[in-house]
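Chains as they are written, first to last, in the working numbering: chain A, 1 to 326; chain B, 1001 to 1153; chain C, 2001 to 2376.
If you are wondering where the hints come from, they were derived from the structure by calculation, not from laboratory data. Careful: at least some of the hints might be erroneous.
Derived pair list, reagent style BS3-like, types lysine-lysine, alpha-carbon separation capped at 27 Å [to be verified]: (1) K141(A) to K1051(B); (2) K313(A) to K49(A); (3) K141(A) to K126(A); (4) K1066(B) to K126(A); (5) K141(A) to K2273(C); (6) K141(A) to K313(A).
Estimated spans, in silico, between C-beta atoms of each pair [claimed, not checked]: (7) G48(A) to N1074(B): 38 to 46 Å; (8) R312(A) to P2112(C): 52 to 60 Å; (9) M306(A) to F2356(C): 46 to 54 Å; (10) T1072(B) to V2247(C): 32 to 40 Å; (11) G114(A) to E2353(C): 48 to 56 Å.
Each residue gets a CB set at the ideal place from its N, CA and C atoms; glycine is no exception.
These are the residues of each chain, in order.
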Amino acid sequence: MGKGTTVVMALVAATMGAVVTVAVTGTARETQAQGQDPATRPARTPDGKPNFDGVWQANNEAHWDLEAHEARAGMVMQQGVYPYEFSKVPAAPVLALGAAAGVPGSLGVVGGDGRIPYTADALRVKQENAEHWIDRDPELKCYLPGIPRAMYMPYPFQIAQGTDKIHMTFGFSNAGRVIHMNDVTGPPDYTYMGHSVGRWEGDTLVVEVSEFNGRTWFDRAGNFHSQALRLTERFSPLSPDAIWYEVTVTDPETFTEPWTIAMPLYRRLEPSATVLDYPCIQFAEEFMYGHLRREQLVQRWEGETMTVEITRKVPPGDLLHEWYRR
Amino acid sequence: MRTKSLITGLGAVAGLCLWMMATGVPASAHHAFAAEFDADRPVEFSGTVTKVEWINPHVWIHLDVKTDSGATENWAFEAGTPNVLFRRGFTRRSLLPGVDVLVDGYQAKDGTNRANGRDITLSDGTKLFLGSSGTGAPWELARPGVDTVDPGR
Amino acid sequence: MTRRLLESLGVATVCATVMALLINAVPVGGQSPETTVWGHPNLEGIWLDVYSTPFERSREFGDRELTTAEERAARDQARMGSQGRNVRGGDGRVDVAGAYNAVYTSAKPAGPRTSLVVDPSDGRLPALTAEAQGQNELRREWTLMLLRNTETCQSGAAGCRGGEYGPPSPRRFDVTPFYNTGRMNRHDGPEDQSSGDRCMSGRTPDFNGFRRIVQGADSIAMGYDTGQGQGFQRVINMSGSHPPSQVRLRHGDSRGRWEGDTLVVETTNFSPKWPFRGAGENLRLVERYTRVDADTLSYEATVEDSTVWTAPWTIRQELKRQSDEENRIYYEPRCHEGNYGLPALLVGRRVDEEAFANGTGPNPFSMDTATCVQGL
Chain A
1 MGKGTTVVMA LVAATMGAVV TVAVTGTARE TQAQGQDPAT RPARTPDGKP
51 NFDGVWQANN EAHWDLEAHE ARAGMVMQQG VYPYEFSKVP AAPVLALGAA
101 AGVPGSLGVV GGDGRIPYTA DALRVKQENA EHWIDRDPEL KCYLPGIPRA
151 MYMPYPFQIA QGTDKIHMTF GFSNAGRVIH MNDVTGPPDY TYMGHSVGRW
201 EGDTLVVEVS EFNGRTWFDR AGNFHSQALR LTERFSPLSP DAIWYEVTVT
251 DPETFTEPWT IAMPLYRRLE PSATVLDYPC IQFAEEFMYG HLRREQLVQR
301 WEGETMTVEI TRKVPPGDLL HEWYRR
Chain B
1001 MRTKSLITGL GAVAGLCLWM MATGVPASAH HAFAAEFDAD RPVEFSGTVT
1051 KVEWINPHVW IHLDVKTDSG ATENWAFEAG TPNVLFRRGF TRRSLLPGVD
1101 VLVDGYQAKD GTNRANGRDI TLSDGTKLFL GSSGTGAPWE LARPGVDTVD
1151 PGR
Chain C
2001 MTRRLLESLG VATVCATVMA LLINAVPVGG QSPETTVWGH PNLEGIWLDV
2051 YSTPFERSRE FGDRELTTAE ERAARDQARM GSQGRNVRGG DGRVDVAGAY
2101 NAVYTSAKPA GPRTSLVVDP SDGRLPALTA EAQGQNELRR EWTLMLLRNT
2151 ETCQSGAAGC RGGEYGPPSP RRFDVTPFYN TGRMNRHDGP EDQSSGDRCM
2201 SGRTPDFNGF RRIVQGADSI AMGYDTGQGQ GFQRVINMSG SHPPSQVRLR
2251 HGDSRGRWEG DTLVVETTNF SPKWPFRGAG ENLRLVERYT RVDADTLSYE
2301 ATVEDSTVWT APWTIRQELK RQSDEENRIY YEPRCHEGNY GLPALLVGRR
2351 VDEEAFANGT GPNPFSMDTA TCVQGL
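Could you put the whole structure together from the sequences, leaning on the hints where they help?
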């Protein structure tokens, strides 16, 4: 049983054509108590459906910005010496991280002409969101990321494919979603993660998601939506270890027409792969409440070439509480 | 502090505390009122519901209220937890924007337009106590004479 | 419109609804097959302990695990008449500070068990280790120290038992000498707040909440709706091994296997940041799930931490199936996104401190914002 196995997978993507060879060795043999060996995990359920059970993760730059973009100097930027967009430099919040503070480039995941079709008003909001990312992105408060964002954040997630429910557990903030494969009433109020109802169309899992509260973003670039958002997701197996994930986004209050995103999701093949918690409710407490401490805790950092000093401020009156409602 | 009301108040609250512990309500189930809200700032408004946030740990009811000067202010009143309400069939449609209500409670210490709600009175005079809350369960112990809405004082 | 509103608020129907809901679970799983599509015993569904069972056994029951019908009826009768459901004190502040209203709360009926704890055989937890007792004393002394200048202590209320009244302690600004997860009479920052106030009080194991079980081929997901939005997810991997010991997780790492028809789950790698009854990094949990019938799941949990308890202990409960439809679980059992109270707790204390500094308000440490007695 201690043999190595080589698996050749062919992945055909819309923007890339690549043949990936993956070698899976039998290192996990001794530690497998029961359950499936990754190399022989059934690709299908006993009733013939694709088996998506396991740990998955997107491997792209969509969580930074859904639209195609070249690499950027900083997660937060300011004007450089020149007035050009391309000569912007990292701004104060991220300067100390040097080259680790940038945003990698991406061919984008948006279909059609690659641009999200905002209405004129919504586009203004998107641009403001991008400019005020630190103050507005709900991810920074560790608020639930919503769908589809949770599906391509840089943390693994686990799919448990049951009889009439599919449960996804996300590493980010222990978020979760349940896809109902049977008939259930929707939630009593709007939600962050939406209400998901799924069905099979051949080998494709089609999921309709609705009942969003409009408070989540699509990415870190300020792309957003309203409560009217509806999604149609399609999960199609490319191989036992890769899923082609496509989403049609409809929101007549924000966009002039429906648009799509598409990307592969890859299985985490390491032995004992599991979703490790990213418990950011606690990580974000200083960010969220540090300005309300009796004595400021995080104030100053001293490096060899720079000193960073932080001054907190408390928004006046009701603005303080409004900040938490975004 | 006024001793007489202190002792009476203490007796009532001690009874409540014992009841809470007996029913196994976790101590973290409700907030420290005095830390957020000011007992010396009672407020009472009639207003129109603009939004209800059916969220944990507390539902928040937002109202447009007309102040004495004629200006319109937006206030947020803290209510109980939505869990039990949802299990009884309440949904976001149960308290709709546009409904006129009377609410009373105690304003936030920081002087913002937020309050811990005591009662919400509907236009027919029925009072719905907003109070703090505990955890919920789908089955009820029948409490004849108790499981009704207090007609109010 | 008003009647519609009234009816939608459930006011007119609360009584009727209450009387119609029976003590026993309404069977809903008649069609639940015995095995999943993978051939494993079928534990899928939403499950809940529908009874109010004391965690530890009252001493008068001795080693008796089950109650009689008369005992249950008597206990329900006593609780039915209990106060607090619609208490209106003379003081409105008392109403909002602690009162519970019928619309927002409900109570579970008494069940067939005398306690959740079944081992030790007297239904009570084993003795704490000296180390754990020392930790408890440290916590108790700290919380009493912070209450020293309050009326809770001046009047000798229960919240100050073991403490004394006096001027604010010179230690009141010290760093808390333990990792705090409870309430204290101080609000210097989020660390002074309880886990619940910080929306992270959900713990594994959980005995009180709803749990939804979804069984995949190689992993089982459990979504918990517990407390007021303190829900969480757990994943039980049916293969593989626990992570290295330096990886610590809030709900630990769970690895499961089938022993006949019973799902046995072992969980390790717990974190000291979210302790379960004082047990953190040394906690080891073994759970056993067995399907009894279409609507009943038997659940057993053995808790072991030799730095806290002198012996392992076990609870047992029967979980009843809930309906997706009628149950109306709050689909997103989270509270962090709506936790407007936490910043308000902090800012309220800052306002008090400013008033005290200006001479316009009392010393904040003379106000009890931690125990049951609120702001009197």
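Against the structure, the hints come out as follows:
Of the pairs offered as hints, the one joining K141(A) and K1051(B) holds, with about 23 Å between alpha carbons and a cut-off of 27 Å not exceeded. The suggested pairing of K313(A) with K49(A) is violated, with an alpha-carbon distance near 55 Å, which exceeds 27 Å. At most 27 Å may separate the alpha-carbon atoms for a hinted pair to count; K141(A) and K126(A) meet this at roughly 19 Å. Between K1066(B) and K126(A), the direct Cα distance comes to roughly 34 Å. Violation of the 27 Å bound is thereby established for this hinted pair.
Restraint check: the Cα-Cα separation between K141(A) and K2273(C) comes to about 20 Å, which is no more than 27 Å; the hinted pair holds. Taking the CA atoms of K141(A) and K313(A), the gap is near 17 Å; set against the 27 Å cutoff, the hint holds. Hint check: G48(A) to N1074(B), Cβ distance near 56 Å, so the stated range 38 to 46 Å is violated. With their beta carbons about 55 Å apart, R312(A) and P2112(C) fall inside the hinted range of 52 to 60 Å.
Checked against the given bound of 46 to 54 Å, the beta carbons of M306(A) and F2356(C), roughly 39 Å apart, lie outside it. Look at T1072(B) against V2247(C): about 54 Å separates their beta carbons, and that is not inside 32 to 40 Å. Range check, G114(A) to E2353(C): about 54 Å between beta-carbon atoms, so the 48 to 56 Å window is met.
Checked against the numbered hints above, the structure violates hints 2, 4, 7, 9 and 10; every other hint is satisfied.
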